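Student: The task is to assemble the complex, starting from two chains supplied on their own in separate frames and drawing on the hints.
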Amino acid sequence: MSADFAALLYLVSGILFIMALRGLSSPETSRQGNYLGMAGMAVAVGTTLWVVELNGLAILLILGAVIVGGGIGAVIARRIAMTDMPQLVAGFHSLVGLTAVLVAAAALYEPKAFGISAPDGGLKALSLVELAIGVAIGAITFSGSVVAFMKLQGLMSGAPIVFKGQHWLNLGLGVAAAVFIVFLTASGGDNKTAFWIITVIALVLGVLLIIPIGGADMPVVVSMLNSYSGWAAAALGFTLENTALLITGALVGSSGAILSYIMCKGMNRSFISVILGGFGADAASAGAHGQVDRAVKLGSAEDAAFIMKNAGKVIIVPGYGMAVAQAQHALKEMADTLKAEGVDISYAIHPVAGRMPGHMNVLLAEAQAPYDEVFELEDINAEFATADVAFVIGANDVTNPAAEDDPTSPIYGMPVLQVWKARTVMFVKRSMGSGYAGIENPLFFRDNTLMLLGDAKKMTESIVKSLD
Amino acid sequence: MDAVDPNVFRLAIFVLAVFVGYYVVWSVTPALHTPLMSVTNAISSVIIVGALIAAAAAAAGEGAQFAKGLGVLGVLLASINIFGGFLVTQRMLAMYKKKERPAKPGRPD
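First to last, the sequence lines map onto chains A and B.
All you need for my numbering is the position in the first sequence, starting with 1, plus 1104.
All you need for my numbering is the position in the second sequence, starting with 1, plus 1.
All clues stand as given, with none of them false.
Some chain A residues judged to face chain B by a derived CB distance under 8 Å, without partners named:
# : residue
1 : ARG1135
2 : GLY1141
3 : GLY1174
4 : ILE1184
5 : ALA1209
6 : ASN1330
7 : ALA1338
8 : GLN1472
As a list, the in silico BS3-like pairs of lysine-lysine whose alpha-carbon atoms are at most 25 Å apart:
#  : chain 1 : residue 1 : chain 2 : residue 2
9  : B       : LYS98     : A       : LYS1417
10 : A       : LYS1296   : A       : LYS1228
11 : A       : LYS1569   : A       : LYS1417
12 : A       : LYS1417   : B       : LYS99
Keep in mind that the hints were calculated from the coordinates and are not lab data.
The structure displayed is predicted, hence computed values, not measured ones.
The beta carbon of each residue, even a glycine, is placed where N, CA and C say it ideally should be.
In isolation and in its complexed conformation, chain B is listed as follows (with noise of 0.2 Å):
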């Protein structure tokens, strides 16, 4: 039998990161779908990397120009975005707040 090739095992990883997502993402609470959204936003930013290769290689012949150009700009854009996807997730949760313990105990329930 030939060795498996390695796009197979990626994608098992994928496959098993939905399932993993599946199961992660219903456990999260209803109260807490916005700053959900805003931090899967975030984190998919991570596409980041793709540009920072492209942004690094070096700049020899006009189409490596071109795609280091895309890359400057896409790593100002995803930064916009890691940036303020998670500052603001930050400031949301920030605010979730339990009830204060009554000051006065024994408040008619």
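Isolated chain A (complex conformation) (with noise of 0.2 Å):
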């Protein structure tokens, strides 16, 4: 096959990618797009097996890896609970980054395999370049992708670590990464330490850039990974010289990009500020407004199944507390019997609502509640004036007032859900601690607020069951 037909072929596979997420722009299409996707993939898979020479061998080890990893990976998506989402995609990050470092590293040792050699055996300067950038960034995405699995699967605390001349000494590693890259190309490639040294600075990097980022601020710290794994693939299309590989990793990079921007845009924080770090350290103090001592209406299973029975319209609004609690099921059932009461269900959700862009969405799809039920924040915020209740179920920040009326709060300016302006809000949460951002909510202490403390799922669970 010639090289020409080649890289008509991989244009093809970049044009499937595209049509892939394309589809996702709605649910109906979505499923269609994603067999597209997987059909750019085997295009770009055949395409390259088809232009190399493969020996005996070569078939054997390829087989043998396919199998093993791909074995792994449709286990792992099998058995995945929803829940676990976050930590899923982290972790897979990791790999893209841990992929993009390996390839980047055959292609400095093996140039001619990748039909990418100078003349003189050895790789071009721009080359170089390109490498030593995807290498970086694949380090970064690896290594910050595997502090963001851990905080999100609970193996590290996700509160933000911070030290004194931190930011300095992310600068200094990211100008001493510049210049073994100036090493690297001045070299043509035979300084193969200055690579590794690269590496090893983007590793430490990664973690560094990570850890002062806070628990509640996982859904930007996910997206970013997200991009980041993008543009590690894309730099090595560049080495590569690959349209595949360029167009995909302009896609992912850009996809990330709007995703980290749209969940900034959901905290009202700049993207800056997040990644500065250590929110949620010292907004604890700003919670201690002696609001403390002040009286809650506390409420029991009876009374919540009462007043929703009874009611016109309510609007569930699931949160992190929900998906810890694994509530979802327990939810839509009790959505499913008060319809049948008659009562108007629908679910808000706020942009930042999970730990990750969309998180409630798949898991209130999981217990399958349709999806035309479920509103955006700008869709829905209106509606709160006409319920009856807002049954809010494992979220907190995301309905605080102060967000609107308290210049003073830290979170003052994030768009949040007005369920205040329900006749009744309901909160389910295990205690009366302060959410994630440790901000108080003023909320809990009016007269038409229910306070509802419990384990979310046994709390939904006993309404159900004081509903028949």
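Tutor: Here it is, written out as structure tokens:
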């Protein structure tokens, strides 16, 4: 097969990937989109296997690797709980990053195989720069994703880790990496040590970039690492002169960047402030407004059931607490029971609810809540005024009116779900503690608020029982 | 004038793809942002093409053997991602269902 034809096939693969993302514009077309993505991958892999010269050993090795890797991937995909999607995605990002490092190293050690060697057998200066950038981003993606995975999986505290001079250290490491990129390029690719030093610096940098970012900012981190994995692929696409990689890298890179932007906007924080980190550590002081002793109205499952049964319209606001308690199925059962009573049910999703973009939507979909009953913040906020009950389950900060009327609040300016406009607000919470950002929610102390303290799943189940 | 360096063409493809990505991703419904992440993750594993080339390389010389080893490992890792990413996306997307039409028409609104 000629190189030109192969290049065209890689283009086809890139276009199939674009179509795959396009399919996600609506749930109806999304499944087809996913198949187009698979087709794109098949075209890219098929083309590559066609182009390279395979001997028996290579076929065996590749087949073995694909079977083992694919088997592991398939098992993970089948078994993973939907609540664990954020850490799964973080884990997958780390693999993309690591693969990028491996491919970059392979290209450096054996440029001939990739058909990118200069006449003297080494690598062209431009290829080396691209390769070095690719390995640096890949390594950052890898170690950063590992840290994100550990934070999300609870293997490591979600609390931000900050120390003096952190940003200067990061800057210094960045400069050092740039210096070694120059060394690597100047040596024409012979200075392999420089390559590995760049890799190590980037690995350290990846860890340092993610540790100061607190648990509540994880949606931004996961999206950001998504973006990095794309840029790493794109950089190597330049080195390997491969269109499929270039297009895919650009798509994934901009996708992650947009998601990061949406998440930042959902928290009214600048991307820079999230990256610099530390949020959630100093915010705890803001909670100490002396509201601790104020009276709250505690309710029971029976009270909640009684009020909701007689309501005309209930809006459910799920948050991370629902995911932790795995309460989505019980919640759906409650919604169904209420619907049978003639109650109008809808769900309101805040953009940063959960630990990754769209987290709540997936959990509700898993519980088979119809997606046309699930609304985004801007589409449903006006509805709270006409709702009898706002049922907030495992969410807190995203409903805090202080974001609208208290300029001293750390979350002031963040778009929030205006649950307080509903006739009755119910909070299902484990305890009276403040939310992830450590901010007191004044809604807890209002007369029309009913606090349902307990595990989200157990509480919802007892509400369902009381409804019968 | 000299012929245009192929790298410039690649840059053009890249920049245009960034723009395509920008507009396509903004049209993704927020409800599908999690599947978007898992599918972008799967497709970014197209980096497997690099790993395949390295794995297939004739292992003549020490550097080449090392590259081959890296390639095989890369194929393995990327395969986890490709299969895992697409399948978990498929599993998620299969869950998104529309409201069943009301069994009893005239349900009070």
